[in-house]
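A.B. asks: Each chain, written out:
Number of protein chains: 2
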Amino acid sequence: MKLLKSNLSEKLIINKYLKKLNFKNKGTFDFENDGAYLDFNNKNYKLTVTTDSISENIDFFSNDDPKSIAQKITTVNLSDIFAMGALPHSYLLNLYLPNHINENWLNLFSNQLKKIQNKYGFYLLGGDLSKSNKLIVSATFFGSIKKKLELFQNKFDLNDDILVTGNIGESKIGLEILKKNNSLSINLNQYFIKKYLYPTPCKLGPLIANYVNSMKDISDGLIGDLIDMLNDKYGALINVNKIPLSVKTKKILNNKNNFRLEDLLNAGDDYGLIIISSKKNRNKIFNIANKNNINVTLIGKIISEKGIHFDSHLNIKNIKKFDHFF
Amino acid sequence: MKLLKSNLSEKLIINKYLKKLNFKNKGTFDFENDGAYLDFNNKNYKLTVTTDSISENIDFFSNDDPKSIAQKITTVNLSDIFAMGALPHSYLLNLYLPNHINENWLNLFSNQLKKIQNKYGFYLLGGDLSKSNKLIVSATFFGSIKKKLELFQNKFDLNDDILVTGNIGESKIGLEILKKNNSLSINLNQYFIKKYLYPTPCKLGPLIANYVNSMKDISDGLIGDLIDMLNDKYGALINVNKIPLSVKTKKILNNKNNFRLEDLLNAGDDYGLIIISSKKNRNKIFNIANKNNINVTLIGKIISEKGIHFDSHLNIKNIKKFDHFF
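Keeping their order, the protein sequence lines are chains A and B. Residue numbering for the first sequence follows the working numbering, beginning at 1 and increasing consecutively. Residue numbering for the second sequence follows the working numbering, beginning at 1 and increasing consecutively.
Note that these hints are calculated values from the structure, not bench results. Be aware that a few hints might be false.
One copy or any two copies: either way a pair holds, since identical chains are not told apart in the list.
[As the list claims (entries may be wrong)] When the alpha-carbon atoms are kept at most 16 angstroms apart in a straight line, the in silico EDC-like pairs for lysine to aspartate or glutamate are as follows:
#, residue 1, residue 2
1, Lys-131, Glu-56
2, Lys-11, Asp-232
3, Lys-155, Asp-30
4, Lys-155, Glu-32
5, Lys-20, Glu-103
6, Lys-233, Glu-32
7, Lys-134, Glu-56
8, Lys-131, Asp-59
9, Lys-24, Asp-39
10, Lys-19, Glu-32
11, Lys-26, Glu-150
Working from the sequences, and respecting the hints, build out all of it.
C.D. replies: Take a look at the structure:
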């Protein structure tokens with residue numbers, strides 16, 4: 001771990017808050033080396049890598065609970081790992097810390113990481129600490145996947161099924177409430193804000209990897225990520241009534257609380273999976289999902305006419321991706 | 001590669017400046033997936049990982065040549081890889097870009113990366129782009145090393161040799177000139193500033209890995225990094241006259257231009273290697289270094305009395321590490 005060890009506070013960060021996350025794996029050198037060994041010895045599996053960052057005032061608010069920030073940095077990366085059909089193995093953490101970060105913050109943050117690591121079974125391999133005027137949390141995740149498996153995000157055929165896991169739009173509703181663009185009852189506010197602050201990745205990916213053509217996690221809204229997958233080669237026909245919405249979401253859409261279905265499809269971090277697969281594997285996928293208590297919904301199919309098409313009128317004039325970058 | 005592709009400018013960054021760096025390696029998916037496969041199939045070797053970041057106004061100046069920034073982010077990471085006795089394999093790049101970064105900047109930056117990749121033989125595996133108010137460049141490097149080799153930074157014996165590669169202090173002199181804390185002749189200014197802006201890693205590490213007990217790159221000054229290696233278990237006795245200095249450095253130290261040897265030992269990014277090895281391997285190490293035209297100097301030995309000791313008077317009152325973090 002490249003950790004500048006001369007300063008008491010930095011040593012303290014490592015020893016008190018980060019070392020417990022290496023789960024005593026030998027290759028980490030207990031964070032006393034500048035580098036680490038990636039212990040990966042299964043010859044039937046290969047390593048997948050993904051890296052993602054979240055920044056203050058872009059991906060979270062300055063005063064967000066550190067537990068939420070830990071939840072987000074792991075979910076954005078784990079959902080990529082799962083979308084590749086892989087299982088998490090280990091990760092690196094790059095922390096850019098402003099002055100206001102204190103021991104209480106580090107305690108809450110690292111405990112939440114530990115909880116998530118235990119849940120999914122992976123360890124902290126190393127990392128790097130820097131001083132910064134804004135809080136940025138970056139991570140690189142390693143996953144393992146069967147050597148023979150190769151999943152492209154944009155390789156599929158005409159008439160393939162388009163499926164999604166979980167419900168769409170709840171995180172976006174929570175974000176709008178937090179931004180005070182909208183408000184519901186206290187209970188509903190709390191429900192949706194929690195969906196925004198504590199997203200979870202969908203672990204179905206590795207379970208169905210043998211039966212799908214492409215997968216992607218929803219990090220830029222259903223439409224945005226689907227456009228990415230279509231890659232300007234194919235189109236998608238979506239059955240609007242099939243788009244999975246929670247009972248609470250349906251209720252507030254009916255009540256016309258300024259939330260429109262169009263906005264929920266066009267933005268937001270749901271972290272469910274978009275799955276594109278051959279019709280012949282449909283039952284297999286549903287069976288595996290059912291056995292694991294994961295909701296999967298068939299929402300449409302791949303067509304030759306480019307772009308996203310809906311089977312009923314939707315008021316989406318400018319289909320655009322939610323864009324973290326600009 | 002987790003690259004938010006909806007925006008023309010971002011697509012442009014990827015397509016025009018980053019794709020050329022993947023050297024057409026299949027596992028990169030030509031940066032069209034959120035993740036990548038780490039193709040590493042040699043069963044006699046294992047993967048090493050290191051990650052390091054450099055930030056505007058901490059590790060470089062805002063208006064530094066982008067070629068220098070590319071040189072620094074690769075050197076800080078490559079020198080860790082070499083210090084582990086490994087050869088570079090591939091890397092991930094996380095760029096946090098402020099608004100003032102333009103195509104000219106990206107062109108110079110990416111071309112320098114390409115040049116360095118070609119020189120040492122490694123490719124860009126993936127990465128992540130974020131918007132930021134300050135420029136931060138972060139990288140995660142993968143190296144390959146013989147499976148049986150295990151190099152700790154702080155495992156060695158009493159009376160072991162302490163050696164260093166290259167010359168000490170030139171980068172620090174360059175930094176002080178740039179900070180206008182000091183000035184020499186125009187030619188000397190240029191010489192030392194170049195040493196600061198364009199540091200190079202020392203590739204001796206993997207060539208001598210079988211014959212050393214510990215290695216570390218000098219990123220926090222000779223003394224600071226040696227303290228790290230000693231880890232409060234042993235001490236070091238240093239022969240002051242043996243510390244390798246370039247002819248130019250010796251000249252300016254003699255001229256008393258406000259540069260003191262003490263300051264050069266106590267800070268600075270030289271990126272040479274500190275090598276701790278058994279006496280019995282001394283000749284082997286010198287022979288390999290000679291064959292590869294790399295200067296190695298024996299500067300001292302490991303002793304039982306803790307701390308850093310010098311065989312002649314040096315005015316180092318507060319031995320402290322150069323600290324990037326605080």
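A.B. asks: If a hint holds in the structure, say so; if it doesn't, say that too.
C.D. replies: A quick look at each hint next to the structure:
1. Lys-131 x Glu-56: Both ways: Lys-131 and Glu-56 sit 14 angstroms apart in one copy and 11 angstroms across, limit 16 angstroms.
2. Lys-11 x Asp-232: This pair counts as between: shortest inter-copy Cα distance 14 angstroms, intra-copy 50 angstroms.
3. Lys-155 x Asp-30: So Lys-155 and Asp-30 pass the 16 angstroms test across copies only (14 angstroms; inside, 41 angstroms).
4. Lys-155 x Glu-32: between (43 angstroms within a copy, 11 angstroms between copies)
5. Lys-20 x Glu-103: within (15 angstroms within a copy, 43 angstroms between copies)
6. Lys-233 x Glu-32: between (49 angstroms within a copy, 14 angstroms between copies)
7. Lys-134 x Glu-56: For Lys-134 and Glu-56, the Cα distance is within 16 angstroms both inside one copy (6 angstroms) and across copies (13 angstroms).
8. Lys-131 x Asp-59: between (19 angstroms within a copy, 11 angstroms between copies)
9. Lys-24 x Asp-39: within (12 angstroms within a copy, 26 angstroms between copies)
10. Lys-19 x Glu-32: within (10 angstroms within a copy, 35 angstroms between copies)
11. Lys-26 x Glu-150: For Lys-26 and Glu-150, the Cα distance is within 16 angstroms only across copies (11 angstroms; inside one copy 30 angstroms).
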